[in-house]
Amino acid sequence: MPRLFGHRLSIPAAIGLAIIALNLGAALFAPWIAPYDQADIVGDAWDDPSLAHPLGLDNLGRDLLTRLLFGARMSIGLSLLITSTSFTIGIVTGFTAAVCKGWVDMALSRAVDLMLSMPTLIFAFIVLSVLGTDLPVLIITLACLDSTRVFRLSRALAMGIAALEYVEVAKLRGEGLGWIIAREILPAARAPLIAEFGLRFSFAFLFVAALSFLGLGVQPPDADWGSMVRDYRDMINLDLAAPLWPAGAIALLTVGVNFVVDWLLSIQSRTHGENA
Amino acid sequence: MNDTILEVRNLRVEARSDAGPGPVLVADASFSLRRGDVLGLIGESGAGKSTIGLAMLGYTRPGCAITGGQVVFKGRDILTLSADERRALRGPGIAYIAQSAAASFNPAMTLMEQVCEIPIRHGVMSPTAARAAAIALFRELELPDPETFGNRYPHQVSGGQLQRAMAAMAMAARPDILIFDEPTTALDVTTQVEVLAAFRKLIREHGTAAIYITHDLAVVAQIADDIMVLRHGNTIEHGPAAQILENPQQDYTKLLVAERVHGHTFLAQDSEADIPLLSLKDVVASYTTLLRVIDGVSLEVRKGDTLAVVGESGSGKSTLARVITGLLPREQGEVRFRGDLLPPALAQRSRDQLRRIQMIYQMPDVALNPHQTLRDIIGRPIGFYFNRSRRDIDARVRELLRMMDLPEDFIFRKPAELSGGQKQRVGIARALAAEPDLIICDEVTSALDQLVGEEILRLLKRLQDELGIAYLFITHDLGLVKRLANKVTVMLKGQMVANGETETVFAPPFHPYTELLLSSVPEMRRDWLDDVLSRRG
Chain A
1 MPRLFGHRLS IPAAIGLAII ALNLGAALFA PWIAPYDQAD IVGDAWDDPS
51 LAHPLGLDNL GRDLLTRLLF GARMSIGLSL LITSTSFTIG IVTGFTAAVC
101 KGWVDMALSR AVDLMLSMPT LIFAFIVLSV LGTDLPVLII TLACLDSTRV
151 FRLSRALAMG IAALEYVEVA KLRGEGLGWI IAREILPAAR APLIAEFGLR
201 FSFAFLFVAA LSFLGLGVQP PDADWGSMVR DYRDMINLDL AAPLWPAGAI
251 ALLTVGVNFV VDWLLSIQSR THGENA
Chain B
1 MNDTILEVRN LRVEARSDAG PGPVLVADAS FSLRRGDVLG LIGESGAGKS
51 TIGLAMLGYT RPGCAITGGQ VVFKGRDILT LSADERRALR GPGIAYIAQS
101 AAASFNPAMT LMEQVCEIPI RHGVMSPTAA RAAAIALFRE LELPDPETFG
151 NRYPHQVSGG QLQRAMAAMA MAARPDILIF DEPTTALDVT TQVEVLAAFR
201 KLIREHGTAA IYITHDLAVV AQIADDIMVL RHGNTIEHGP AAQILENPQQ
251 DYTKLLVAER VHGHTFLAQD SEADIPLLSL KDVVASYTTL LRVIDGVSLE
301 VRKGDTLAVV GESGSGKSTL ARVITGLLPR EQGEVRFRGD LLPPALAQRS
351 RDQLRRIQMI YQMPDVALNP HQTLRDIIGR PIGFYFNRSR RDIDARVREL
401 LRMMDLPEDF IFRKPAELSG GQKQRVGIAR ALAAEPDLII CDEVTSALDQ
451 LVGEEILRLL KRLQDELGIA YLFITHDLGL VKRLANKVTV MLKGQMVANG
501 ETETVFAPPF HPYTELLLSS VPEMRRDWLD DVLSRRG
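Chains as they are written, first to last, in the numbering used here: chain A, 1 to 276; chain B, 1 to 537.
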């Protein structure tokens, strides 16, 4: 079996990695591999699959395969941006709370509790209705909402690590907060955070899809898998496969990511002697 | 009649890895145990003591396997039994008492439930009989309120009581053999005496045979009839306790015995510097939930001094270190360093003030960041305080490693690739890298083997002679104090009960608590425990 991070890959993990690679490839190279542009109208609405259009056409007569490839670009790109931003915010605030303790911790934790007490979807709904649905607004809003959960995890992790003597040594030396967070605590917390990243990536992905489905996410004519499901959903009654393609793509990528996450979690819980 | 109850012949245990057989952990160990006999297994960590202890239960740690020999218990070879037969044996046949009682009890069950579990599960006793037997055992082990003691949860009793409760648990099913695996190592000296006495009484009264595993010869001297000295899995010497202690044949045994006996030599430091390096005056400190953990402590350390702060756990020794370093701001009193008042909190101190006081910790495993190489660990203080170039830092780190008697190419290793003693040396190197005036040593040898700890102390002594650093030793090892420190402060419940030159403090007339501490240090006499107990009445 091939190895990654010095550990043997399990079969599901290998499958998961293949799925992720496929999706990333589609996302990166969409403009080159897609036969048409995502907004091009190339025929009649709901034309059947043919050689020129392997998956058929959509409600406006756009090529479905093209929309699916561009959709990967938007959906995955968005989720990655949202998750990275939310991790940056969550880790910095969470570690700061754990290292500083006292009122800093109290203020940050209560603010997070307040945000967690509101249903995320409703909260996102309100913010996006007020501020509009530009991509930067969408990314920052969702990242902030998501970062509350990252904050909880990183604070708990850092609490345990900050109690270790080597962190005390750094404090006694007079090191600043930045050094303690980046050099002393982060390396020890890396493994669980990476696993959490995969998990939260899946959630961000589903969340964007849900918002698009409700019309508050990605705006037309940009393709994304969530809005594609919304646009095509009625066709399920007419025995058309159109809504199944984007829905299947969402499901496949989520499963793939989770395969890899499961494997990351399992190597993390393994003891050192058994990873040979 | 032959009353041999356990016979071990040519026991061999090897580590197994994916690649095939690994190092031999125990090679050809043979011994026999008669009813009522106590065999002491002694050696450094890694000598194979615990591995032998576990093999008596037919068990090995994951990754190890018993590859040869026989363990014959009452005529049956344990190693050839099926898993079920072995399970029936554990508890009523052979019982095991582990080092850390706190880790071996289920925190969610009362002590009584856990003590009674084995006899009831094995069907040896009815629940009522088991309870009665447990209470009788609690009484024999001199636990407080034996009738109700069992209703408590593990966190509601002290470490020494928990260790005795574990002995009760092991005895509950009336086993023929008890295996004690370092049962007193985690305890204070004063508690250790009580627990040791309780164990010995239990073994004698029930006529149980026992294997007592420890690294402390003085402890084993109190309890064992025979002693087996192990090193790297090999049996070095095996014989009656008196013979091993008084007339050891092998060099290694002689070294072990000598290590424990020697000491009591004082090093007189002339401390004539005008201003004390560190002086504390009426210092008081509290935690938010615990008031006056340090209550009115005054002391002085001069250049080249070694001041030992002694006391049992909970006496405020480590808190004192936290107050001096500023991790715990003091409430009242003065802490002066080279005549200047030190700000109470860490954040208010200057970089230079921080640099001049360094710490070495008890557990080198958690005191070194496992994700950094030694270059980063030792080099960071140099870069941080002295702003040197990368090349200068490298050169200085190599020089420090040489001073620690460590190979220079360790510079790229991470802590996990070092042994316990080597890690502790790295801890010292890191402290020295800051070129401090005072090093606070918090129980620096208590997590190490005797001989390794001895080397660390010798190293610290040498560094003091070369560099004139002052040490503040926090310790409960009085043997160490007598040998290394020229000044002693004895603490009890946050207050100083004695303070001064070592000769004065450890010479009559004692403070009653100093006397209790002194008399609790195990001595290499067979009858020491009896003496202490009879003197205390």
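Simulated from the structure, these hints should not be mistaken for laboratory data.
C-beta: ideal position from N, C-alpha, C; glycine also.
Where hints are given, some of them may not hold.
[To be verified] Covered stretches of chain A, as calculated for chain B (at least 3 residues, CB under 8 Å):
(1) 55-63
(2) 160-166
(3) 182-189
[To be verified] With the C-beta cut set under 10 Å, the calculated list includes, among others, these residues of chain B facing chain A:
(4) Thr325
(5) Leu327
(6) Pro343
(7) Ala347
(8) Leu354
(9) Arg355
(10) Ile357
(11) Asn369
(12) Arg380
(13) Pro381
(14) Tyr385
(15) Arg388
(16) Ser389
(17) Arg430
[Unchecked claim] Beta-carbon label-pair distances, calculated as ranges:
(18) A:Ala182 <-> B:Glu501: 25 to 35 Å
(19) B:Lys461 <-> A:Ala191: 49 to 59 Å
(20) A:Leu114 <-> B:Pro107: 47 to 57 Å
(21) A:Lys101 <-> B:Lys281: 46 to 56 Å
ask   = Looking back at the hints listed earlier, which ones does the structure fail to meet?
value = 1, 6, 15, 16, 18, 19, 20 and 21
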